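S.K.: Below, each chain spelled out in residue letters.
2 protein chains.
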Amino acid sequence: MLTWVNHVALAVPDLEKAAARYRESLGARVSIPQRLPEHGVTVAFVTIANTKIELLEPLGENSPIASFLAKHPDGGMHHVCYEVTDINAARDHLLTSGARILCDGIPKIGAHGRPVLFLHPKDFFGTLIELEEVKGASRA
Amino acid sequence: MLTWVNHVALAVPDLEKAAARYRESLGARVSIPQRLPEHGVTVAFVTIANTKIELLEPLGENSPIASFLAKHPDGGMHHVCYEVTDINAARDHLLTSGARILCDGIPKIGAHGRPVLFLHPKDFFGTLIELEEVKGASRA
Numbered sequence: 001m002l003t004w005v006n007h008v009a010l011a012v013p014d015l016e017k018a019a020a021r022y023r024e025s026l027g028a029r030v031s032i033p034q035r036l037p038e039h040g041v042t043v044a045f046v047t048i049a050n051t052k053i054e055l056l057e058p059l060g061e062n063s064p065i066a067s068f069l070a071k072h073p074d075g076g077m078h079h080v081c082y083e084v085t086d087i088n089a090a091r092d093h094l095l096t097s098g099a100r101i102l103c104d105g106i107p108k109i110g111a112h113g114r115p116v117l118f119l120h121p122k123d124f125f126g127t128l129i130e131l132e133e134v135k136g137a138s139r140a
Numbered sequence: 001m002l003t004w005v006n007h008v009a010l011a012v013p014d015l016e017k018a019a020a021r022y023r024e025s026l027g028a029r030v031s032i033p034q035r036l037p038e039h040g041v042t043v044a045f046v047t048i049a050n051t052k053i054e055l056l057e058p059l060g061e062n063s064p065i066a067s068f069l070a071k072h073p074d075g076g077m078h079h080v081c082y083e084v085t086d087i088n089a090a091r092d093h094l095l096t097s098g099a100r101i102l103c104d105g106i107p108k109i110g111a112h113g114r115p116v117l118f119l120h121p122k123d124f125f126g127t128l129i130e131l132e133e134v135k136g137a138s139r140a
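These protein sequence lines map, in sequence, to chains A and B. Using this note's numbering, count along the first sequence one by one with no gaps and you end on 140. Using this note's numbering, count along the second sequence one by one with no gaps and you end on 140.
Derived by calculation from the structure, the hints in this document are not laboratory data. Hints may be right or wrong, so weigh each one.
Derived lysine-lysine pairs resembling DSS-like cross-links, with alpha carbons at most 30 Å apart [said to hold, decoys possible]:
{"no.": "1", "chain 1": "A", "residue 1": "LYS108", "chain 2": "B", "residue 2": "LYS135"}
{"no.": "2", "chain 1": "A", "residue 1": "LYS122", "chain 2": "A", "residue 2": "LYS135"}
{"no.": "3", "chain 1": "B", "residue 1": "LYS135", "chain 2": "A", "residue 2": "LYS135"}
{"no.": "4", "chain 1": "B", "residue 1": "LYS108", "chain 2": "A", "residue 2": "LYS52"}
{"no.": "5", "chain 1": "A", "residue 1": "LYS52", "chain 2": "A", "residue 2": "LYS108"}
{"no.": "6", "chain 1": "A", "residue 1": "LYS71", "chain 2": "A", "residue 2": "LYS122"}
{"no.": "7", "chain 1": "A", "residue 1": "LYS71", "chain 2": "B", "residue 2": "LYS17"}
{"no.": "8", "chain 1": "A", "residue 1": "LYS17", "chain 2": "B", "residue 2": "LYS17"}
{"no.": "9", "chain 1": "A", "residue 1": "LYS122", "chain 2": "B", "residue 2": "LYS135"}
{"no.": "10", "chain 1": "B", "residue 1": "LYS122", "chain 2": "B", "residue 2": "LYS108"}
{"no.": "11", "chain 1": "B", "residue 1": "LYS71", "chain 2": "B", "residue 2": "LYS52"}
{"no.": "12", "chain 1": "B", "residue 1": "LYS17", "chain 2": "B", "residue 2": "LYS71"}
{"no.": "13", "chain 1": "A", "residue 1": "LYS17", "chain 2": "B", "residue 2": "LYS52"}
{"no.": "14", "chain 1": "B", "residue 1": "LYS135", "chain 2": "B", "residue 2": "LYS122"}
{"no.": "15", "chain 1": "B", "residue 1": "LYS135", "chain 2": "B", "residue 2": "LYS108"}
{"no.": "16", "chain 1": "A", "residue 1": "LYS52", "chain 2": "B", "residue 2": "LYS135"}
{"no.": "17", "chain 1": "A", "residue 1": "LYS17", "chain 2": "B", "residue 2": "LYS71"}
{"no.": "18", "chain 1": "B", "residue 1": "LYS108", "chain 2": "B", "residue 2": "LYS71"}
{"no.": "19", "chain 1": "A", "residue 1": "LYS52", "chain 2": "A", "residue 2": "LYS135"}
{"no.": "20", "chain 1": "B", "residue 1": "LYS135", "chain 2": "A", "residue 2": "LYS71"}
{"no.": "21", "chain 1": "A", "residue 1": "LYS135", "chain 2": "B", "residue 2": "LYS71"}
{"no.": "22", "chain 1": "A", "residue 1": "LYS17", "chain 2": "A", "residue 2": "LYS71"}
{"no.": "23", "chain 1": "B", "residue 1": "LYS122", "chain 2": "A", "residue 2": "LYS135"}
{"no.": "24", "chain 1": "A", "residue 1": "LYS17", "chain 2": "A", "residue 2": "LYS52"}
{"no.": "25", "chain 1": "B", "residue 1": "LYS122", "chain 2": "A", "residue 2": "LYS52"}
{"no.": "26", "chain 1": "A", "residue 1": "LYS135", "chain 2": "B", "residue 2": "LYS52"}
{"no.": "27", "chain 1": "A", "residue 1": "LYS135", "chain 2": "B", "residue 2": "LYS108"}
{"no.": "28", "chain 1": "A", "residue 1": "LYS122", "chain 2": "A", "residue 2": "LYS108"}
{"no.": "29", "chain 1": "A", "residue 1": "LYS122", "chain 2": "B", "residue 2": "LYS108"}
{"no.": "30", "chain 1": "B", "residue 1": "LYS122", "chain 2": "A", "residue 2": "LYS108"}
{"no.": "31", "chain 1": "B", "residue 1": "LYS135", "chain 2": "B", "residue 2": "LYS71"}
{"no.": "32", "chain 1": "A", "residue 1": "LYS17", "chain 2": "B", "residue 2": "LYS122"}
{"no.": "33", "chain 1": "B", "residue 1": "LYS108", "chain 2": "A", "residue 2": "LYS108"}
{"no.": "34", "chain 1": "A", "residue 1": "LYS108", "chain 2": "A", "residue 2": "LYS135"}
{"no.": "35", "chain 1": "B", "residue 1": "LYS122", "chain 2": "B", "residue 2": "LYS52"}
{"no.": "36", "chain 1": "A", "residue 1": "LYS52", "chain 2": "A", "residue 2": "LYS122"}
{"no.": "37", "chain 1": "B", "residue 1": "LYS52", "chain 2": "B", "residue 2": "LYS17"}
Below, a sample of chain B positions facing chain A; criterion: calculated Cβ distance under 10 Å [to be verified]:
{"no.": "38", "residue": "THR3"}
{"no.": "39", "residue": "ASP14"}
{"no.": "40", "residue": "ARG21"}
In this text, all values refer to a predicted model and were calculated from it rather than measured experimentally. Cβ atoms here follow ideal geometry from the backbone N, Cα and C, with glycine treated the same way.
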């Protein structure tokens, strides 16, 4: 069901500083920060050969990562995003197995323009999991 | 410098339960748990096509993840491990850039039998980073 680790998301209080640190201390390629007001975040990607690290800074008053940063003011690891080929089938299987989906269980369009769902971290041992639908078998 | 995301480590209070949840709810392939008393953990790997998720349960009295689980009893995201081709060169570059290495800065042999270092999470916005030396350019 999980075909690929799309990204690992890290919440940071200052994206410019975090991007500079990843570039300067780790020699990493970091994308230009992109403001996504409809998702309440500014995002930059650290590109590694096999996956991406997503650096997230809150944007606006209702940012979905504001409460996380209130609890972890230095920042921290926020979620893991896995790709699935059929997000509704994945959701149905998860519910049958007893796992909970956050919000209303209806996939929303995520920051990458594809349908996403978030799973309840209590059902996955404290880890927040995002599922993102990526059609096609090229990565499976 | 970072050639590959080797794994993302998740601390869990009960590895058998976590492995069952990843298998049953997410359809994931999870390895047989392996006890590593010299590293203070029992480990199982969730294998995704492009990287691994490492599920860690404390083992013994001096487990390096015991304090994390004392703070996060449900479990949580523990660290990201990146591969580098030359860990001493990476360490020297990190120190020059002002980042701190945990312990004495001398690479130790990690759970995969290769030299590893951990970087100070305060210098990386609350994320604990492991570097693991994997020689050769096959993944670069």
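S.K.: Taken at face value, is the distance from the CA of LYS108 (chain B) to the CA of LYS135 (chain B) at most 30 Å?
M.R.: holds, 16 Å
S.K.: With a cut-off of 30 Å on the C-alpha distance, tell me whether LYS135 (chain A) and LYS108 (chain B) pass.
M.R.: violated, 42 Å
S.K.: Compare the distance between the alpha carbons of LYS108 (chain A) and LYS135 (chain A) with 30 Å, and conclude whether the hinted pair is satisfied.
M.R.: holds, 16 Å
S.K.: Checking one constraint from the list: CA of LYS17 (chain B) to CA of LYS71 (chain B), max 30 Å. Satisfied?
M.R.: Roughly 20 Å between the alpha carbons, so the hint for LYS17 (chain B) and LYS71 (chain B) holds.
S.K.: Is the Cα-Cα distance between LYS108 (chain B) and LYS52 (chain A) 30 Å or less?
M.R.: holds, 27 Å
S.K.: Against the 30 Å threshold, does the CA-CA distance of LYS17 (chain A) and LYS52 (chain B) hold or violate the hint?
M.R.: This hinted pair holds, its Cα atoms lying about 28 Å apart.
S.K.: Does the structure keep LYS71 (chain B) and LYS52 (chain B) at a Cα separation of 30 Å or less?
M.R.: holds, 25 Å
S.K.: Regarding the pair LYS122 (chain A) and LYS135 (chain A), is the alpha-carbon distance no greater than 30 Å?
M.R.: holds, 28 Å
S.K.: Quick one, are LYS52 (chain A) and LYS122 (chain A) close enough, alpha carbons at most 30 Å?
M.R.: Measuring from Cα to Cα gives roughly 25 Å; hence the hint holds.
S.K.: Checking one constraint from the list: CA of LYS52 (chain B) to CA of LYS17 (chain B), max 30 Å. Satisfied?
M.R.: holds, 18 Å
S.K.: For the pair supplied as a hint, LYS135 (chain B) and LYS122 (chain B), confirm whether the alpha-carbon distance does not exceed 30 Å.
M.R.: Holds. LYS135 (chain B) to LYS122 (chain B) sits at ~28 Å (cutoff 30 Å).
S.K.: Are the Cα atoms of LYS17 (chain A) and LYS71 (chain A) separated by 30 Å or less?
M.R.: Cα-Cα ~20 Å, so holds.
In the structure shown, a violation is registered for the earlier hints numbered 1, 3, 8, 9, 20, 21, 23, 27, 29, 30, 31 and 33, in ascending order.
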